[in-house]
Amino acid sequence: MHAYRRALPLLVAALLPHLCQALPADPGIYAVFATNKGSFTAVLHHDKVPTTVANFAGLADGSRTWFDSAGLPAKRPYYNGLTFHRVINGFMIQGGSPNGTGTDGPGYGFADEFHPDLRHDGEGVLSMANSGANTNGSQFFITLATTAHLNNKHAVFGRIIEGIEVVRAIGATPTGANDKPLAPVVMQSVTIHRIGASAQAFNVHAQGLPTIANSRPVFRRTAQGDFIELAARPAMAKHSFAGSSDLASWTSIGSINETTTPGTSPIGVGFFTTGKDRCFFHVAHAVHPAQPASLVGKRLSLVLTSGGNQPLVIDLTAAARGTIDYTSPLGSYLLNGSSGGTIGAYLTTPRLHSMQLVAALQNIGAMEFNLAFRDAGGGFFSGRYTSDYSGIWPFFGDFTISNLP
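Quick note on this note's numbering: the sequence shown kicks off at 8 and runs consecutively.
It should be emphasised that the hints constitute simulated quantities derived from the structure, not laboratory data.
One or more hints might be untrue.
[To be verified] In silico lysine-lysine, DSS-like type, Cα no more than 30 Å apart, as pairs:
#	residue 1	residue 2
1	K305	K245
2	K160	K187
3	K55	K82
4	K283	K245
5	K283	K55
6	K55	K305
7	K305	K160
8	K245	K82
[Stated by the list, open to error] Cβ-Cβ distance ranges computed for the label pairs, FRET-style:
#	residue 1	residue 2	range
9	N264	A326	20 to 30 Å
10	G277	A238	17 to 27 Å
11	A152	F287	49 to 59 Å
All figures in this text were calculated on a predicted structure; none of them were measured in a lab.
Glycine is no exception: its CB is placed at the ideal position from the N, C-alpha and C atoms.
Go ahead and model the full structure; you've got the sequences and the hints to work with.
Set out below in structure tokens:
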């Protein structure tokens, strides 16, 4: 009885941050961050950047599968217990790295998703951290000031609407080497709340993120060494391999990225089996949405949300030829005010998170697109236009793909 009475104040203290953080009445998807510095709430813009929100919300509530440090699939709330490992007062706070150094993530990546309404235009902006274009994973940051230089480089997907004073307090935390707080700032929990029909209907599994699937490997010992083989390896996938000698502890033994043509060669594991009496292996795949093997005979219908929702139609009529049509009553910078042109040459490069299309427009310039497929019918894109007249201009939007009429 006395032990219960002594524990009660501790229980109330633990629940207090959650009780004090009232949810908004407006419809939407919200994330409540409970930290050892206090709590704050963010609205997530699922209507404008659905893929990015699906990734964050799915990791936070445990509905998405990810890879742990050993390369094994995990399905539990991802952010609970992680820290804000990088803090720069007056700039931003960053979190979402399981090892606390900013060098890891969920074991998969996805492409940059931008929207013209979502800018780094003040404090409290929730945005994806990355190590370059199209390298999003689990790490995010919250701005402490306007950071316009990050626009079109980092994907904004939310904003703090309550508890900004807690974010400021985290930003003022004393730091040491690599901007790491001297005293850990812990995300005790990140909980997702859905209010309204649109938020309730939002499906995190239908937004073009990779799905995790398992395979049963077969072990082979040959004169050339020890190998594991798979009956089939899916295309557009990252294959993750883990090994164990006791089924209790596992170690990552590597990964392979494969795009449109999956390999068939066995995987050498002699470096792991040497000196062990027995070994076990686990293989899992992060499978990305399928991409067409070729864009020849395809029509890309793009909507430039970065240019007033103007349409851009690209017809790829032959292996290295095509046409482009852009009608802009706004006199956009694209195509130097022209309504279209001829593609003298183009090149496509499949990548896990997107297909890169580089098109050389005769007498106009070059356009580069990163086409991220949510499904076989299309998705979202980012890119840039390079012109001798107007320099380099970034753009982004949504696209659909179909056969030429």
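Going down the list of hints, with the structure as the test:
no., hint, in the structure
1, K305 - K245, "27 Å, holds"
2, K160 - K187, "23 Å, holds"
3, K55 - K82, "26 Å, holds"
4, K283 - K245, "27 Å, holds"
5, K283 - K55, "52 Å, violated"
6, K55 - K305, "26 Å, holds"
7, K305 - K160, "29 Å, holds"
8, K245 - K82, "18 Å, holds"
9, N264 - A326: 20 to 30 Å, "26 Å, holds"
10, G277 - A238: 17 to 27 Å, "21 Å, holds"
11, A152 - F287: 49 to 59 Å, "50 Å, holds"
Of the hints listed earlier, the one the structure fails to meet is number 5.
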